[in-house]
Structure formats: C-alpha cells, structure tokens
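My request is simple: use the sequences and hints to build the entire structure.
Number of protein chains: 2
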Amino acid sequence: MRTICLTIGFDGTEYHGYQIQRGKRTVQGTLQQAVRLVLPGTVSVTGCGRTDAGVHAQVYYVRVVTQSEMPLRKIPLALTANLPDDITVYRASEMPADFHPRYSMQSKEYTYRIWNRRTRNPFLLRYAYHVPRAVNREAMRLAARGFLGTHDFRCCQSAGSDQEDTVRTIYECELTERGDLLELRIRGSGFLYNMVRIIAGTVLEAGLGRMDPAAVATILAGGERAQMGPTLPAHGLAMTAVTYKEGFVP
Amino acid sequence: MRTICLTIGFDGTEYHGYQIQRGKRTVQGTLQQAVRLVLPGTVSVTGCGRTDAGVHAQVYYVRVVTQSEMPLRKIPLALTANLPDDITVYRASEMPADFHPRYSMQSKEYTYRIWNRRTRNPFLLRYAYHVPRAVNREAMRLAARGFLGTHDFRCCQSAGSDQEDTVRTIYECELTERGDLLELRIRGSGFLYNMVRIIAGTVLEAGLGRMDPAAVATILAGGERAQMGPTLPAHGLAMTAVTYKEGFVP
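Sequences listed follow chains A and B, in order. Under full-length UniProt numbering, read the first sequence as residues 1 to 250, first letter to last. Under full-length UniProt numbering, read the second sequence as residues 1 to 250, first letter to last.
Quick caveat, the hints were computed from the structure, so don't treat them as lab data. Among the hints, erroneous ones may be present.
[To be verified] For each label pair, taking beta carbons as the anchor points, the in silico distance ranges come out as:
#: 1; chain 1: A; residue 1: 152; chain 2: B; residue 2: 70; range: 24 to 34 Å
#: 2; chain 1: A; residue 1: 209; chain 2: B; residue 2: 102; range: 35 to 45 Å
#: 3; chain 1: B; residue 1: 25; chain 2: A; residue 2: 85; range: 16 to 26 Å
#: 4; chain 1: B; residue 1: 178; chain 2: A; residue 2: 93; range: 20 to 30 Å
#: 5; chain 1: B; residue 1: 44; chain 2: A; residue 2: 171; range: 26 to 36 Å
#: 6; chain 1: A; residue 1: 176; chain 2: B; residue 2: 20; range: 36 to 46 Å
#: 7; chain 1: A; residue 1: 150; chain 2: B; residue 2: 68; range: 50 to 60 Å
#: 8; chain 1: B; residue 1: 212; chain 2: A; residue 2: 150; range: 56 to 66 Å
#: 9; chain 1: B; residue 1: 230; chain 2: A; residue 2: 20; range: 35 to 45 Å
#: 10; chain 1: A; residue 1: 126; chain 2: B; residue 2: 189; range: 28 to 38 Å
#: 11; chain 1: A; residue 1: 176; chain 2: B; residue 2: 150; range: 36 to 46 Å
#: 12; chain 1: A; residue 1: 73; chain 2: B; residue 2: 230; range: 22 to 32 Å
#: 13; chain 1: B; residue 1: 25; chain 2: A; residue 2: 189; range: 43 to 53 Å
[Claimed, not checked] Some, not all, of what chain A presents toward chain B, calculated at C-beta under 8 Å:
#: 14; residue: 10
#: 15; residue: 11
#: 16; residue: 88
#: 17; residue: 117
#: 18; residue: 118
#: 19; residue: 124
#: 20; residue: 125
The beta carbon of each residue, even a glycine, is placed where N, CA and C say it ideally should be.
Laid out in structure tokens, this is it:
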C-alpha cells in the first residue's frame, strides 16, 4: 500500500466546497471519480480540510492511500486529464504511511481579495470581492494586526458550528496592495467555520470607518459575534498555502 | 463639444477584437451602444488601436467626442452599468480637442503570459498559454533582448497585412517570472499585425531549444517570416499599458 500526497488547485466557483455531500457537486466527489479511474485499488482520498462553497484553492493537499503502482511522475497528468478544467493536479509525492493532510499540518494560509475601485475589474469578477467605496488602508492594517496571536476566536465563527475548542493562533494577518487590489493574507494554526471571511469583514469595516481598528483586541476578548464585521462573500477567498511538520513536507 | 478619454479594460475571450466588424461581436460595437445610451449627442468613439480576436486589455484608451454634459465623475459607473461584465470603464478624463488615442500615443505595452508547468492552472485557462514542457528561461531572456531597438519588423507580421512602413522601435522586451508563470513584457512605438504574438513565439522557440537565441538579430535583418517562431494563441496576450505624449496624458 502506498501513501501519496497530491498537490491540487481548484476554482471553487462551481463547487459546494471540498467536502463530499450527497447530491451536490463537490471537489472531493469529482476528484474521487478521477482517482478511482486512474489509480485502481485506492482505499481512501482525504483532503486537508473543509472549504466553503465557492471558495478557491491555489494549493490544496489530498492524501491518497492506494495499491496502484503508477509511477509518481505520471500521476498528475493522468489525473488532470480526467478532471474538469477547474481542478488540476500539480504534483504527486510519496509520503510516510503516518502522513495525514490535516493532522500533519503546521499552518494554513488564506488570502481574501478585495477589488477597491469604483467600477468592477473584468478579470477578477470570480476572484475578488468588489468594494466600490474608497477605504482607509491604514485603518485596515491596524485592525488586521489586532487578530495576531493566540485567542479564543468563538466570536469569529458562524452560527451552526459545533466546534468546542475555539482557541486558535494567527501567525500572520497582513494587508498588501497591488494598485486597486487589496489582499489580506492570514496564516494560522487552523480556522473555525467562516473565520477568515469574518476576520476579513471586520478588517473591511475598519477600512470603511464603521469600526475603531484599535478595538479589535477588546472585541475578541468580549467574544460576541455581533461585535465583529459581516461574513464577506466566498468568491474573494482562496487557500493559498499550507505548511507541514518536518518529515511530512510533500 | 467635449473630448473625453475613457480608460477601459476588457476580457477579450468573447470578442472578435476591438475594431467594429459587421455581424461580429466586438468591443467597439458593444461600447458604442452603451455610449449612445448614456451620452446622447456623441459624434465619435475612437479606440487606441486594433486588437486581435481573443486578446485582452488590462487598460485600453478610447476617445469620445460628445455634446453630453454629464459630469466626468459619473461617466465610468453609468457606462459600466450598461456594459456586459467583461468590459469596464475605469475612468473618464477631459482632454484637449486635438487629443487622438492613437496619434497622441508615445508607446504601447503588451504582456504575453505563459503557464509553464506540466498541468494546467485553473485560474489562468483564459489568460495564459499553457506550455507543459520545461523551458530554458535564460535562452528566452537572451532571445528577447534581440528584439530591442529600431528595426524593420517585416518578418514579424502575419500575411495579409498591407502595412507599408514596417519599421518600429522596441523599448523593452523582458521576461519576468512569478513561479511557473512567465510574462514577456514588450513595450514599443507600435506593433504590426500579430507582431507581439510572433515575437513571443520566437522567444518561446529559443526556450524550447529549437532556435539559437543569439540568432534573433540576424534573422530580423534577413526579414523572412519563416525564420521566426509561430504566432502564439491570442488568449495569452493582453495590452497592459499605453503612454501618451506630454499634454495628452489621460
């Protein structure tokens, strides 16, 4: 039996997230079909975490446990040829048997993109949230810094989550600009349900002058969801990096 | 009468180029309809040059001569609201009456994008040409430098062009890399029919080891189209900048 890690990427526009769901088009469901076809003798296909409907992944990692003896080099092309255009397999790596795409993880990075100009950008319709009003970027930077560190993030999750342990560590939370495109890059130990989109919504509220950017720490400590900003739309969000523990780097 | 310059952008995938053509969907045709609606009393809509079918423009400039008195500030949003998603008007500027989007131009910049990894990138399907084979980037850089300067570029145009003066100046021709994405940025005084796509094709031939990158200057002097590389596909190409002469900067 071999343990293989696939580095994939997907445009999430047409999917109900990664995780398989009955009767819905998901990345996992679509990928499993291709894996079954190309790598017969596969016993499991496990992703590195759930993603919401419509969220993209520039990189995403998937463990495949299989009896197939196809050479590593051939796997990316063979799988990609059997996948729709909006999913691709970049790389296949041989891994130790105890590799787990979620538990062997060190940190995960998401990027939330905002197109901040009065009129839309035709190239970013699917990949950035359009905010036509000018924002205060300095206030956004300040608000972003308020999320750094280890906190109880229970006020940064959407209702309906049954997560009991809500303590997470945010290592980086930084706003960068490329002209009118704002990118909020957030790297953390893990994220609660909708947490990145709520953090982005809070940072944006500060940019729009509707919230004191210095208040983030206090609000976090207070733990009230209603004090945070709105959950921003899914299409602006993409998983952009994952780091793994030593010995488990794909 | 007012002379207005519109800064626009368009995803060219669904268009037969900028220039209006009977019975075909063009950017100019689509834009003129919106202008007629939003700015009544418009006498002309003139673009800054032809673009091939399928070519994109991150920026493109259009002169509108009109009797409409709509305030400048309102024009971008009013026009964009009346355009399909793949065209946007970023800005409207008041210009001197002798401004011409083509003749007042100083230089034009195009960028040709190549995705150079074995499997496709789902986010760049429409915006980069996929070259799965590894290329020699140093050879590409060297070949690119061969196009710099003032030359007779008659070997860099497609058959069917009736252009008599084929001398042009290339100010910059540079390959940059962002991981597996290669970008060939070409800035010149002007370009012949398919010239950028032929230059990109020649640079790529050098990268694939099918042409001596040092031979570009000799081949240019020889003037034979067949000695140059192929015309690369349109979807990898985008107009990325235009500079205008003093007094005519929109």
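Next item on the list: Please write out, lowest number first, the hints stated earlier that are contradicted by the structure.
Entry: 1, 5 and 19
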